[in-house]
Every structure is written in C-alpha cells, then in structure tokens.
Amino acid sequence: MISLVMSITFTALAALVWGLLLGGISRMVTARIHGRIGPRLTQNFIDLWKLFRKKSSIHHGTMFWLAPMFRVAGAIGVLVLVPLVVGNTVIVNMSFSGDLLLVVYFMFFGCLGMALGAGDSGHPYAVIAVSRGLAQMSSYELSFSAVVLVLAAGLRTLSIEEIIMAQQDGILSWNLFRYPFATAAALITLLPMQMAYPFSIVLAPQEIPIGPPTEYSSRFLSFMFSGRAIFGVAKLVLFVNLFFGGASSWISLLFKTFLLYMFPIFVSTVFPRFRTEQSIRFLWFVPTSLAAIDLLRVMI
Amino acid sequence: MYCNKLPDKPDDRKKIWDKVDNMARANSLWVTAYGTGCGAIELRPLHTSRFDMERFGIAMRPTPRQADVLIISGYLAVKTLKRVIRVYEQIQDPKYILALGSCTINGGMYYDSYNTLNILDRYLPVDVYVNGCMPRPEAIIDGFSLLMSKIKAGKADGWKHYMENLEYYRENQKKVIHNWDLPDYNW
Numbered sequence: 001m002i003s004l005v006m007s008i009t010f011t012a013l014a015a016l017v018w019g020l021l022l023g024g025i026s027r028m029v030t031a032r033i034h035g036r037i038g039p040r041l042t043q044n045f046i047d048l049w050k051l052f053r054k055k056s057s058i059h060h061g062t063m064f065w066l067a068p069m070f071r072v073a074g075a076i077g078v079l080v081l082v083p084l085v086v087g088n089t090v091i092v093n094m095s096f097s098g099d100l101l102l103v104v105y106f107m108f109f110g111c112l113g114m115a116l117g118a119g120d121s122g123h124p125y126a127v128i129a130v131s132r133g134l135a136q137m138s139s140y141e142l143s144f145s146a147v148v149l150v151l152a153a154g155l156r157t158l159s160i161e162e163i164i165m166a167q168q169d170g171i172l173s174w175n176l177f178r179y180p181f182a183t184a185a186a187l188i189t190l191l192p193m194q195m196a197y198p199f200s201i202v203l204a205p206q207e208i209p210i211g212p213p214t215e216y217s218s219r220f221l222s223f224m225f226s227g228r229a230i231f232g233v234a235k236l237v238l239f240v241n242l243f244f245g246g247a248s249s250w251i252s253l254l255f256k257t258f259l260l261y262m263f264p265i266f267v268s269t270v271f272p273r274f275r276t277e278q279s280i281r282f283l284w285f286v287p288t289s290l291a292a293i294d295l296l297r298v299m300i
Numbered sequence: 001m002y003c004n005k006l007p008d009k010p011d012d013r014k015k016i017w018d019k020v021d022n023m024a025r026a027n028s029l030w031v032t033a034y035g036t037g038c039g040a041i042e043l044r045p046l047h048t049s050r051f052d053m054e055r056f057g058i059a060m061r062p063t064p065r066q067a068d069v070l071i072i073s074g075y076l077a078v079k080t081l082k083r084v085i086r087v088y089e090q091i092q093d094p095k096y097i098l099a100l101g102s103c104t105i106n107g108g109m110y111y112d113s114y115n116t117l118n119i120l121d122r123y124l125p126v127d128v129y130v131n132g133c134m135p136r137p138e139a140i141i142d143g144f145s146l147l148m149s150k151i152k153a154g155k156a157d158g159w160k161h162y163m164e165n166l167e168y169y170r171e172n173q174k175k176v177i178h179n180w181d182l183p184d185y186n187w
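Sequence lines, in order, name chains A and B. Quick note: the first sequence, position 194, residue 194 per the working numbering, numbers continuous. Quick note: the second sequence, position 129, residue 129 per the working numbering, numbers continuous.
Some clues are possibly wrong.
Unchecked claim - Think about it this way: if two alpha-carbon atoms lie no more than 25 Å apart in a straight line, the pair counts; the simulated DSS-like pairs of lysine-lysine are:
hint: 1; chain 1: B; residue 1: Lys152; chain 2: B; residue 2: Lys15
hint: 2; chain 1: B; residue 1: Lys14; chain 2: B; residue 2: Lys150
hint: 3; chain 1: B; residue 1: Lys155; chain 2: B; residue 2: Lys19
hint: 4; chain 1: B; residue 1: Lys160; chain 2: B; residue 2: Lys174
hint: 5; chain 1: B; residue 1: Lys82; chain 2: B; residue 2: Lys175
hint: 6; chain 1: B; residue 1: Lys174; chain 2: B; residue 2: Lys5
hint: 7; chain 1: B; residue 1: Lys15; chain 2: A; residue 2: Lys55
hint: 8; chain 1: B; residue 1: Lys155; chain 2: A; residue 2: Lys55
hint: 9; chain 1: B; residue 1: Lys150; chain 2: B; residue 2: Lys15
hint: 10; chain 1: A; residue 1: Lys55; chain 2: B; residue 2: Lys5
hint: 11; chain 1: A; residue 1: Lys55; chain 2: B; residue 2: Lys82
hint: 12; chain 1: B; residue 1: Lys9; chain 2: B; residue 2: Lys19
hint: 13; chain 1: B; residue 1: Lys155; chain 2: B; residue 2: Lys15
hint: 14; chain 1: B; residue 1: Lys175; chain 2: B; residue 2: Lys79
hint: 15; chain 1: B; residue 1: Lys14; chain 2: A; residue 2: Lys55
hint: 16; chain 1: A; residue 1: Lys55; chain 2: B; residue 2: Lys150
hint: 17; chain 1: A; residue 1: Lys55; chain 2: B; residue 2: Lys160
hint: 18; chain 1: B; residue 1: Lys9; chain 2: B; residue 2: Lys174
hint: 19; chain 1: B; residue 1: Lys160; chain 2: B; residue 2: Lys175
hint: 20; chain 1: B; residue 1: Lys152; chain 2: A; residue 2: Lys55
hint: 21; chain 1: B; residue 1: Lys160; chain 2: B; residue 2: Lys15
hint: 22; chain 1: B; residue 1: Lys9; chain 2: A; residue 2: Lys55
hint: 23; chain 1: B; residue 1: Lys82; chain 2: B; residue 2: Lys174
hint: 24; chain 1: B; residue 1: Lys175; chain 2: B; residue 2: Lys9
hint: 25; chain 1: B; residue 1: Lys150; chain 2: B; residue 2: Lys160
hint: 26; chain 1: B; residue 1: Lys19; chain 2: A; residue 2: Lys55
hint: 27; chain 1: B; residue 1: Lys9; chain 2: B; residue 2: Lys150
It should be emphasised that the hints constitute simulated quantities derived from the structure, not laboratory data.
All chains should be modelled from the sequences, with the hints used to inform the complete structure.
And the structure:
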C-alpha cells in the first residue's frame, strides 16, 4: 500500500514537472513561430509558484472550492490507470486494474467537475464557456469512442496493456500503421482535448474572457494549472500507448510524448478559431468518418 | 449579494520565503487587459515581435482575478475611475499599479477638464509612473523593469498602503464620484 502511494506520488510529481516543461517549450516554440524571443523555459514554474503564493480572499461556494481538486484528481486518475513503460515493474501504479473504457470515462471526470465549479462561480462568461465545452466534449467523445471501437474490434481487447503488447513486433506493428485512419481521427480529437486552436472555443480569450476559470484566482488557479499539466501528460502517454507502440524505456516515453505534444502546437499556431457550431460539425463528421473507414476495414 | 466586510490589514511580518516570492512575482507579471485611456494604444506593440514583453514573463490576463498589475493608460475620467476601483479591488493581493502618461501625474493636456482626474495618486496607490504623452513602448518596458526591481527589493507595497489608508482613498474617491453606489469594498 505504502509503495503504491509512493509510486503514485512520484508519477504525479514527475508528470507535473514534465507537463510544465512541455508547456514552457510550447510557449517558446509558439513565440519563435511568431518571430518573437518568447519566455524562459522555466516560466511556467515561476507562474505556478507566484499563483500559489498569491492571496485568495474570495470564493463562491463549495463546488467552486472542489472544482480544482476534481481537475487534479481526474488528471492523476487517468495517469495512474495508464501503463507508463512496457515491462517496468517498479512504477506500475494501477494500470492493471482498469481498461480503456474506464480511462475514457475518467478523462471527462475533471472536465465535468470544472463545469460544476465554473457554474458555481456565477460568472456569465464561465457559463457560456461551460455550455460550449460540454457541447464540444460530447462531439469529440463520439469520434474518440469510434476510435476505441476500432481498436477493440481489431485487437479483440480493451486492456491497454494488451493493446501495447500487440504493437511490440517492430514499427510496422504500431496501430499508427495498422489503423492509419483511426490514428488520424484520434490525433484530430487530441486538438480539442488539449484546447488547441482551431478548437479552443472553451477558453477563447478574445471572445469570452478565459471562460470557465474567469473567477478563479491565486491558489485555485495554481491547482488548475497543475491539473492541466498532469492531464496533458496523461493524455499523451495514453496516445503513445494506443497508437505509437508504447514506450520501451523512460527516454523513449519522454521522446515520444515530446514529439506528440508538438503536433497540437504546430496546428494551433497557424489556425484561427472555429465558431462553436463549426467545431462541433467538424468533429462529428471528419474524425468519425475517418474512424468509420478503419472500422469497416476491421469488420470486413 | 455583496460581502460587506472590509479587508484585513496586511500582514507585515517578514517571512523566510519572501525573497523567493518576490523573485517569482517580479518575473511573472500578469496585466489586466483593460485600457482606461488613449495610452492603451501603446500597449499593443508590446505583444508583437518587435518589443515582445512575454520574454520578461509579462502576460495579459482577460480577468482581474488572475492579474497582478493594473495599467492606468493615460487620462482617467471620473466615470472610468468607478470601473477602475472595481477592477483594482477585485485583483488579489499583492497587486501593483503602473501609471502611464503625463495625464496620470498632473492631468497633462486635460489638466483643466471638468471630468478628468489630475493627480491619480490621491485615488489609487501608484507604484510606478511612466511619463510622456504618450510614452513609447520602450518607455513602458523601462517602467516594467523599474516595477520588477521594486518588487524584488520588496518595496512595491502600494497595495498595503491602500489597505492601511482605505478611508483616505475612499474619501477622495467619493469626492469626485457623486453617485457612489459601490459596496464598501469590491471583493
């Protein structure tokens, strides 16, 4: 029990540091694409410390307090259910106890908690953003479920460990090459999950000032930042496991998650934002149709 | 709907991590994206590749709850003062005010206007003044670096001054805002 707690604590802290570093790299890369110098690599750590040490003198109710905890709990929940490195017996966490369906369910846990907290804050922009976010979430959930169906039907399993083990016979056995359309669909759904443009209709700073966290300040915000960093890493690890052959070592895990993280950044910096209905229409039709092609191939 | 409690007086005890806190605060200044006057036009270039304020850790936040710095960008009309008070008091401590342009110092070219404030320091605690009409983006960056060095030295305590002398500031604010319908403190 103690070793499990220690293992989960270590994983969460490591994911926090890696998530914040990736965030720093993303800000630097975005700045370079804009032709700017950009912030320092450690800027996110400085921001997090400053927010944590700022005074929080306001709150708007119980759910307002709980939402950042939900966010962090949801992120850590996803992280511990996903296997990190193939064959590693030291940091196993709880990856044996849940399958892909549980992980997909857990991925929306933090978002729902956040929606309740934002609703409790009573700010009109937060409520608009929550309604946008839930609409968008239900649309990319559909495409992501289609992708999960492809994997389940093709590999005859829902266990993430078995999905990883099925990809261990060289690069061509990766699901990226076995199910290219489903992988493309999954990568498109990664964009709204990471709140990247053109699907950034939830935060949308120029339209609805920052959306759900409008009323969140100081420590609440620092928790939400941490949750977002951990959740980002958890999603990347899940995607690496599902489509890119899993990770055979820690270095391979860092390298693969790093490369995968660059994808939303490059898309994000060159696209403007969709309107809500455009985003939902796109997510319903394009990735779902892509996944359907592979589903048909698998079924036939 | 409102909380009528006044804020507590700031805690002045020195803590061992004050230095680390001040370093973090100085290197991560989040500015409320709110332009009060014509000077706001000079803030836009700071985002661009020519001046790039993000390299100093300065970023714009669209909500006062997440901001540290409020920029009074040029002349401040009485009508705007009411909104500025609300925004300033909603920012969580510690918070700083950067005042741009001659108008905030002595009224500038609007010194004899019927609805423009002449000396901003009587109504809100200013940490750094940047003079000029209008100050160029380089001058604003210079003002930011002065603010950063004040924060690092632990001397940017305008917010403490505001809390300790709230009655003085309120009295001055109420002198110019005749239809005062704000709560005792805008939490």
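Status of each hint after checking the structure:
Simply put, lysine 152 of chain B and lysine 15 of chain B have alpha-carbon atoms about 14 Å apart, close enough for the 25 Å limit, and the pair holds. For the suggested pair lysine 14 of chain B and lysine 150 of chain B, the alpha carbons sit about 17 Å apart, so the restraint of at most 25 Å is met. The straight-line distance between the Cα atoms of lysine 155 of chain B and lysine 19 of chain B is roughly 12 Å, inside the 25 Å bound, and the hint therefore holds. As the CA atoms of lysine 160 of chain B and lysine 174 of chain B are separated by approximately 20 Å, the hinted pair is consistent with the 25 Å bound.
This hinted pair checks out: lysine 82 of chain B and lysine 175 of chain B have alpha carbons roughly 12 Å apart, not beyond 25 Å. At roughly 19 Å between alpha-carbon atoms, lysine 174 of chain B and lysine 5 of chain B fall within 25 Å of each other, so this suggested pair holds. Between lysine 15 of chain B and lysine 55 of chain A, the direct Cα distance comes to roughly 15 Å. Compliance with the 25 Å bound is thereby established for this hinted pair. Under the criterion of a C-alpha separation no larger than 25 Å, the hint pairing lysine 155 of chain B with lysine 55 of chain A is consistent with the structure, at around 18 Å.
Restraint check for lysine 150 of chain B and lysine 15 of chain B: the C-alpha separation of about 18 Å stays at or below 25 Å, so the hint holds. Under the criterion of a C-alpha separation no larger than 25 Å, the hint pairing lysine 55 of chain A with lysine 5 of chain B is consistent with the structure, at around 17 Å. For the hint pairing lysine 55 of chain A with lysine 82 of chain B, the CA-to-CA distance comes to about 24 Å; that is within 25 Å, so the pair holds. Between lysine 9 of chain B and lysine 19 of chain B, the direct Cα distance comes to roughly 21 Å. Compliance with the 25 Å bound is thereby established for this hinted pair.
A C-alpha spacing of about 15 Å is found between lysine 155 of chain B and lysine 15 of chain B, which places the hinted pair at or below 25 Å, so the restraint holds. For the hint linking lysine 175 of chain B to lysine 79 of chain B, the alpha-carbon distance of about 13 Å falls within 25 Å, and the restraint holds. Distance restraint check for lysine 14 of chain B and lysine 55 of chain A: the Cα-Cα separation of roughly 16 Å lies within the 25 Å cut-off, and the hinted pair is therefore satisfied. A C-alpha spacing of about 19 Å is found between lysine 55 of chain A and lysine 150 of chain B, which places the hinted pair at or below 25 Å, so the restraint holds.
This hinted pair checks out: lysine 55 of chain A and lysine 160 of chain B have alpha carbons roughly 13 Å apart, not beyond 25 Å. The straight-line distance between the Cα atoms of lysine 9 of chain B and lysine 174 of chain B is roughly 21 Å, inside the 25 Å bound, and the hint therefore holds. Taking the CA atoms of lysine 160 of chain B and lysine 175 of chain B, the gap is about 22 Å. The hint holds against a cut of 25 Å. For a cut-off of 25 Å, the pair hint linking lysine 152 of chain B to lysine 55 of chain A stands: about 18 Å separates their Cα positions.
With a C-alpha separation of about 16 Å, the suggested pairing of lysine 160 of chain B with lysine 15 of chain B holds against the 25 Å cut-off. Between lysine 9 of chain B and lysine 55 of chain A the alpha-carbon distance is near 13 Å, which keeps this suggested pair within the 25 Å criterion. A hinted pair counts as satisfied when its Cα atoms are at most 25 Å apart, and lysine 82 of chain B with lysine 174 of chain B qualifies at roughly 10 Å. At most 25 Å may separate the alpha-carbon atoms for a hinted pair to count; lysine 175 of chain B and lysine 9 of chain B meet this at roughly 24 Å.
With a CA separation close to 14 Å, the supplied pair lysine 150 of chain B and lysine 160 of chain B stays within the 25 Å bound. The hinted pair formed by lysine 19 of chain B and lysine 55 of chain A meets the criterion: a straight-line CA distance of about 16 Å does not exceed 25 Å. Note on lysine 9 of chain B and lysine 150 of chain B: the hinted pairing holds, with a Cα-Cα distance of about 21 Å set against a maximum of 25 Å.
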